[in-house]
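*Asks:* Chains as they are written, first to last, in this note's numbering: chain A, 1 to 256; chain B, 1001 to 1512.
The set of hints was computed from the structure by calculation and includes no laboratory data.
Take these hints with a grain of salt, some might be off.
As the list claims (entries may be wrong) - Result set (DSS-like, lysine-lysine): computed pairs, CA atoms no more than 25 Å apart in a straight line:
1) A:107 to B:1370
2) B:1122 to A:137
3) A:107 to B:1456
4) B:1122 to B:1161
What the hints assert, rightly or not - Here are the simulated distance ranges between beta carbons:
5) B:1170 to A:221: 26 to 34 Å
6) B:1280 to A:203: 24 to 32 Å
7) A:133 to B:1119: 37 to 45 Å
8) A:128 to B:1247: 47 to 55 Å
Where a beta carbon is used, it is the ideal one built from N, C-alpha and C, also for glycine.
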Amino acid sequence: MAFTTTTPQNLTTFTTSSHKPKLPFSPSHSLTFPTHPNQTLTSRAISTAISTSTRIHSLFTPRATSSPSSSTTAAETTFHGLCYVVGDNIDTDQIIPAEYLTLVPSKPDEYEKLGTYALIGLPSSYATRFVEPGESKTKYTVVIAGANFGCGSSREHAPVALGASGAAAVVAESYARIFFRNSVATGEVYPLESEGRLCEECRTGDVVTIELKESKLINHTTGKEYALKSIGDAGPVIEAGGIFAYARKTGMIPSH
Amino acid sequence: MASSSSFLAPSSTSILHSKKDVGLSALTSTSSISSQRCQKTGFRRICCSVAAPQQSQRQPSTTGSVKTAMTMTEKILARASEKPYLTPGDNVWVNVDILMTHDVCGPGSIGIFKREFGEDAKVWDREKLVIIPDHYIFTSDERANRNVDILRDFCQEQNIKYFYDIKDLSNFKANPDYKGVCHVALAQEGHCRPGEVLLGTDSHTCTAGAFGQFATGIGNTDAGFVLGTGKLLLKVPPTLRFVMDGEMPSYLLAKDLILQIIGEITMAGATYKAMEFVGTTVESLNMEERMTLCNMVVEAGGKNGVVPADSTTYKYLEDKTSVPYQPVYSDQQARFLSEYRFDVSKLEPLVAKPHSPDNRALARECKDVKIDRVYIGSCTGGKTEDFMAAAKVFLASGKKVKVPTFLVPATQKVWMDLYSIPVPGAGGKTCSQIFEEAGCDTPASPSCGACLGGPKDTYARLNEPQVCVSTTNRNFPGRMGHKEGQIYLASPYTAAASALTGYVTDPREFLQ
């Protein structure tokens, strides 16, 4: 098989920042995007693939677009809006219960439906719902969580549901690995890590701002500021819209 | 693509016996030798039931030979990435030997593959993709049924060799290709082989580590990438070693061992790490029990689980695969993040109480918990050996169950075993006969069933806030359906015992 990669020296992959999230594709090295010998990547096919990818990317950008109280800057480095607070070990069944897994995330209308059901699996002790019954988007920009967020299944529907609902970022004490990896690969939400337990400092409905470049979260309701761990090189991947989009954007995939 | 099977790590040998002996002698060393070794390499030995361990510092290597020592997981990834030596933390492009997907994540992965590689793109290798519908099969949910159709269309278009299709939902036996639960089917169909890399769009893909291979779960996007390229970028995990020695008591099963471990290290105790299971007890386990052990590695956050391949493995594989394989073993000087030691003879049957797999408790301490139903099924507890174990308890009791007891064989083959294999000591009776006499529900169509709830019409789904003892793998709120359902995870022995009393019950009530 004609697979060739020049594996860059410092090529790293995305993990939680306690293991320092790093860039999966290093732009300063040349990496021939692998092709299958039977697949004829004609220039027309590639440009179609890129334009399709771009089109879908614009549907999937992790912005809280519908909420009137939230906004993002053009540079995508600031997220402002309400926060929704959950506890420890929020598993994928709570983020998106199994009965909704018949929805296929790569189909645009089913993608939107997944957003409607984000965090619907939380027990009834969470009196305030993440997405109000009858609504299709969330009014919360940021989910603040405890430890081991996203544990359980490998279902990519979990970060997809959060992104589709309109949330921009999760700020958790720590993540389960598959969820973190899926968040970066899809570019659906920023999986940010807090220094300490923000889930005990913030309450659902607090107005917060995340300054991505400065790695900090400001809670306007309490007036306190919190340091976040740097998203590192996973940031540009998410900003681009995920691993494939990033590879094209940075020229990792040869365009012609 | 360069064949990865011919590559050998420098400090390993490919001769089966000597490597096995080296591996074993390290395991059966006396405790005084072990502690000497501990002091030398600096890793910390932890005995069971003692307080949670701290992570040890890795000593810098001082000699050339120590430098190249690797754990099993490191070796497998080294070979798959065509590198002579790897250490934890390295990020490498890994050649994938098998990619598995099912009806829940397959359509999404296919969608991404086509979007990124083109509508007319072909998968990297039509023989290395195994597509196994298993999650939402026996349901009238139209989308669920459509998802199986999507898989079929793709397999036809790509001429995929291994597609375990189902068309007639009213009678699973009318579908000769249909298998059932993906992780059990992978093993039964010979797709799991020592030394290989197996990725799947399911968190319990780690089950295959029982065969001495690197197996882990990935999302749709990563799977889409593998579909096009046959490779994935993976970070080499450090390894936690779990040494289990002693003769397995007659009332314990592998499920009890893994619940013990998860309770010990907690649900995030193995995050980003490999879990290696060794010791005389592990060696005494059959393949299905080893699968149960590795299956729940993900419940501790683990990246992958491994059990070294041995004669039990080879015997199992004899009639299942003709693809050559090359097992690898941890070097004697390999460094582990931590080592945990368990004297299995001191362990007791366990449950994981609601709502977390690490909420460990002794089964006998939960004897006042009244239950509403019992569920025996899933990749964790629905294999032939699991049903044989349950049958053993029913046989020993001779009585009928006091609560509805649902039996969901993982695959067609398991279902057939229930009706054909005589249970030892039962005078020729099969599992199915014993279950019928005990008043259990008739074994259902093989699939993932209610382990993860599923569409509302799924057999044995928890649609009310009931208490269920289950041989499955997770008990988070809503896992089997109803958010207020209370799920006690348990071994098949404990599940059967509980069915007989109507309360959470230690199987020693019947087995001793």
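*Asks:* Against which earlier hints does the structure fall short, listed by number upward?
*Replies:* Violated hints: 1, 2, 5, 6; rest satisfied.
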